[in-house]
Amino acid sequence: MINFEDIKNSKEINTYIKKADDSLAALGYTEHSLAHVTKTASEAKDILEKLGYDERTTELASIAGYMHDIGNVVNRIDHAQTGAIMAFRILDNMGMDVAEIATIISAVGNHDESTAVPVNEVASALILADKSDVRRSRVRNRDFSTFDIHDRVNYSVEKSNLILNVENNEIVLNLTIDTKICAVMDYFEIFLGRMLLCRKAADYLKLRFKLVINEVELL
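Residue numbers for the sequence shown follow the working numbering, beginning at 19 and rising by one.
Simulated from the structure, these hints should not be mistaken for lab results.
A quick note: this is a predicted structure, and the numbers were derived from the prediction, not measured.
Ideal Cβ placement from N, Cα and C applies to all residues, glycine included.
Accuracy of the hints is not assured; some may be wrong.
Here are the computed lysine to any residue pairs in the SDA-like style, where the Cα-Cα straight-line distance is at most 25 Å [as the list claims (entries may be wrong)]:
no. : residue 1 : residue 2
1   : K26       : L52
2   : K68       : A53
3   : K37       : N138
4   : K57       : I20
5   : K68       : D40
So the derived label-pair ranges between C-beta atoms look like this [unchecked claim]:
no. : residue 1 : residue 2 : range
6   : N27       : E73       : 34 to 42 Å
7   : I95       : V230      : 12 to 20 Å
8   : D166      : G113      : 27 to 35 Å
9   : K198      : G113      : 34 to 42 Å
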């Protein structure tokens, strides 16, 4: 059985992640390195664990989270679908069970907001984990005078927590934003599509998604 440690220790997978992040850096995108995919993997697993899913399903969520951005090594456009094809080849060569591969590549192929649909519990957890990773440390640009809106939005986030309240059947993205750097409306301009996708993913898991910015519930 292929486990998360096998994936995390794979030289092939880690090379694709690093090279994909290098490509995004050249394009001016925020950080998509090992830090991002590791956080996404952990958050996706944690969501399903707290909802009572079995151990193997939660591990598949962590694997999907770790591999979800490898398609960026080819091109940012359609990177989710490219990544799913790459993940199929890698996992098939590693000898993973075909049904488990199908679950993972469905999740990887459905994580980008332009085409994503929460088709299963792993995809839903991946969406929530990926889209909630908003933080200052993802901004590569250190020249504030040349920040674009993506830089400003991420840099403005002082605190970010994804909180799952099982008793109330809700999952809350709680952000503290420095509005001197970025207005709340700027956040919505960039991330509204992502937040609406989070709502759909939460719905699949029978949860209500809430967005709270500076202690004000906005979604």
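Worksheet item: Which of the stated hints cannot be reconciled with the structure, identified by number in ascending sequence?
Response: 3, 5, 6, 7, 8 and 9
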